[in-house]
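Novice: Since each chain sits alone in its own frame, please combine them into the complex, following the hints.
Protein chains in written order, with the numbering used here: chain F, 1 to 277; chain X, 1 to 306.
To be clear, the hints were calculated from the coordinates, so they are not data collected in a lab.
Hints may be right or wrong, so weigh each one.
Cβ pair distances, simulated, as ranges [stated by the list, open to error]:
1. G28(X) <-> N223(F): 29 to 37 Å
2. Y295(X) <-> E152(F): 43 to 51 Å
3. L38(X) <-> D181(F): 27 to 35 Å
4. R227(F) <-> Q40(X): 37 to 45 Å
To be clear about the criterion: a stretch of chain X counts as covered by chain F if any three or more of its residues have a C-beta under 8 Å from a C-beta of chain F, and this derived list gives those stretches [claimed, not checked]:
5. 26 to 39
6. 44 to 52
7. 57 to 68
8. 131 to 139
Beta carbons: idealized from backbone N, C-alpha and C, even for Gly.
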Amino acid sequence: MAEHTEKVPTVVADGVDIVYRVNGTGAGRGSATAALNRILRRGKAEKAAGVRTVHAVRNVSFVAYRGEAIGLIGTNGSGKSTLLKAVAGLLPVERGRIFTDGQPSLLGVNAALMNDLTGERNVHLGGLAMGMSREQVKERYQEIVDFSGINEKGDFITLPMRTYSSGMAARLRFSIAAAKDHDVLLIDEALATGDRSFQKRSEARIRELRKRAGTVFLVSHNNKSIRDTCERVLWLERGELRMDGPTDEVLKEYEAFTGDKASKPKPKPRTAAPVPS
Amino acid sequence: MTQALHTPPRTAGAPPGTDLAALAARHGLSVSGARPTLPQYVRQLWARRHFITAFSTAKLTAQYSQAKLGQVWQVLTPLLNAAVYYLIFGKLMGTSRGVPDFVPFLVTGVFVWTFTQSSIMAGTRAISGHLGLVRALHFPRAALPISFCLQQLQQLLFSMAALVVILLCFGVPVAASWLLALPALVLQFAFNAGVSLVVARMGARTPDIAQLMPFLLRTWMYASGVMFSISHIMSRHTDAPSWLTSVLQANPAAVYIDLMRFALIDSFQGSQLPPHVWALAAGWALLAGAGGFIYFWKAEETYGRG
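So here's chain X without its partners, still in its complex pose (with noise of 0.2 Å):
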């Protein structure tokens, strides 16, 4: 039928807009490439999460599938960073004095704040890096920052796999609250990915973003306790004024690392913890998670341009 169609010759040169316009009005045609409403976009965010999952997957074994070793770097990995943070920080520097089990103490802190280190370089590259996907399919664009985050929890929980080892290593016993790490990876998660949302659609813009990021991030670390227990060094430094403490002990990244040595390690007390330390993990990840999707939505149809 479609060969029967005789078109008959147009010249080039298009007739006044308002006509065209008119006529897809009238056909009830849509403007491609226009931004989705909120529902809509979650919506079709939530079609695709079999993509989302598979995808993660993949760029997760793609990593090492041409090294010797193969998925073994994937527990290696993690051990080796925090062999050489013990090597430095608590061999060499000494901050382990007065931190009771501090190799778990020391390895939980990494292998948490790798999570969130990971997954907000990955999202700044997860547009500006990938913009080849982005002009050959078509798909809500937050499942690739969202992808990438779902990545480096993958990882992580590999990571976790050997803190377990660790940890019974050096006898930290197996407890019930080993249960609380489980909600507490779930709003990392949540702030983890908001954050990589907000930095992809910036890095989408500005891709010098991936350049700066690791400064920013490494300054984070050290603000963050992953090393050191804050409580410990500020108590050290008496003239330093206590809201300072608190202002350190509630960025989001220390709450999610104080809260993981919580439920995994018995001898770091809840009197350790800032007050409210729940509502302020679930406010962080709230606030980051809802925020950061809002943020990238607003900008999903400009994605692409380069």
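Pulled out of the complex, with its shape left as it was, chain F reads as follows (with noise of 0.2 Å):
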């Protein structure tokens, strides 16, 4: 591998897998006992236990480089969001390592925020939760609100987020977790939220947070916004990376892929061997 001290790795994934395991999805004989298997032969015989392993990622490998935005495409549940979470650390990995420079933050904050508190609550309670300090969490507030709109039709963010509509809640989800700044960035299908106006804005925000962060990652099944964002794109597909190269080499291939899925029969994938699970 020919290495130049122009291009520097960011994020690299060694030979990953990453597996899911189940419990409790008995293989139909007899549940309890399976279970009590389970606990008794612990790691032996998982398979006859009825613990189901979900291999959602295998043996990928890439680089990615400083100044890069790689998009992420796949048919759904082909590990797209699962890799991501890898990457940033939220996932260990099964076999194969992946290397970071610095902390990858995904975008989202979904889960940290309570429908019961009210919004202005929760972008306190979402930037607190995204590492950022209560200074600058107070320095951004306004910049957030603003950003979401919430309080065009009066005011919203003094009430409890279960009564925003459902583009609303998005909207404020959205404005929170690109309030912080990033070096290597991970997006999973952030730019489909909202109305036209708020797509826009968002988008423009995303193109902003790339200029400063270093790598930029975007899972989405939404193309023009691939291509209108990423220069180059990795293909996953059941979990193995069946290509990876500039995005308009890509998305062709993939679009044929999807485009007639039933008449043509799954084209030999470019990958090496995959891995037995």
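Specialist: Right, dumping it as structure tokens:
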């Protein structure tokens, strides 16, 4: 591999496998005994004891460099979000390793917010959850509220979030998440929220974030927003990396693949031989 | 500038792993999601202290936000609990015999015990019940169980306000010894947080712990003299060995409950406390607090696997 000084890697994935384990999907026969089995023979006979393993990502390797915006595409359940979470260090990998420059952050605070609290308190809570200091949150507060446009139709920010329409809630969540600057930014289909005017605002915000971030990863099913934002695309299918290359090339193949899937048999993957699970 | 950079097409299918690891090492990249060292971990946790407090307060407020009476339930719930125990243990079973100031005695016991009990229950689900949060944001995971203990501490402070009213109603005089409640609470909080961290790790791996825990906790409650006086009961059973009383009184829940009673109720004498009670209280707090923290930290990188 020819490595030049001008290309600085920010994320290196080295043969990454990610496996989910799901308890209690007992193979039909007496799940109580299966559960006992599971406890007694932990690790040895996981399959027999009713633990299903879901091999979400298989042997994926890539190197992302500073200044790149990389799109992740693939059909539903192909492991895009899972891979993103592993890059962020939120999901442990089963095999292989992921090296990163600094702490990549996932754009998303949904899980930290509480529907029973007012929008105002959620802005504070979400900001703190993302690792901002109290002062930073206070400083950015007005900016976040203005950006979300929640108060355009009256004083909604002081109402509990459960009273918001789904579009309003999504806008507030995005506004909170986008308030922080990141080194390596991971975006999981955040561009499709809100009405048209909010989408325009959020695309502009993403470009702004990209300027400041070293590397941006974007998961999306919207090929247009991938084209607009990314110059390189990783295509994941069934957890395997099928293609990695310039946006146009990969998207062309991908559109052919999704366009007439039924008539065409699955083309031979270009990846190395799949790892047996 | 980013737009101008053209990335040459690369075929998928990785070159052998050693090259990539070497490349990462050369540029000083670190393994994503690796466990920080213990001092680093403590520093990270300290940096998130505002999140911990904000999260616990938010949880507390959200709890009753849909109820008509709202935050009044913060005080009403512990009072109703105490009333039920008074009805059963005070009136029906007569454990109040020989215990002066039985109502303050009982209510103090119930409130202090509830603090430990709900902290541990919240701890069992701290990780397994918040996988969404763990998988979405990066923060030291110990923030969750500690935050839930803090929520219970705030809950207890509400209860203590109600307790003060009860104490005054039953003619317990205000005394300087009430100040002793503070160190007792601090020690109990450290103990609770430690145990929560332990059960949080266990619950993260085996969610079944959450089903088992109520039974363990109930057994522990009946052994801790929450609604009766251990020394009174044991003096009635003269055939019981004397070490049994000492063991019962040295159990951490009993220690913290009796300390609080000693602090607040004037008729509860120091002679009813086990010997070296403050040393016991501090020892339990240190053992559970430090031990639980280290035990939890040891598995930091595995939380979120599910």
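Novice: Confirm or reject each hint.
Specialist: Structure-based check of all given hints:
no.	hint	in the structure
1	G28(X) <-> N223(F): 29 to 37 Å	36 Å, holds
2	Y295(X) <-> E152(F): 43 to 51 Å	50 Å, holds
3	L38(X) <-> D181(F): 27 to 35 Å	29 Å, holds
4	R227(F) <-> Q40(X): 37 to 45 Å	41 Å, holds
5	26 to 39	holds (count 9)
6	44 to 52	holds (count 4)
7	57 to 68	holds (count 6)
8	131 to 139	holds (count 8)
In this structure, none of the earlier numbered hints is contradicted; all agree with it.
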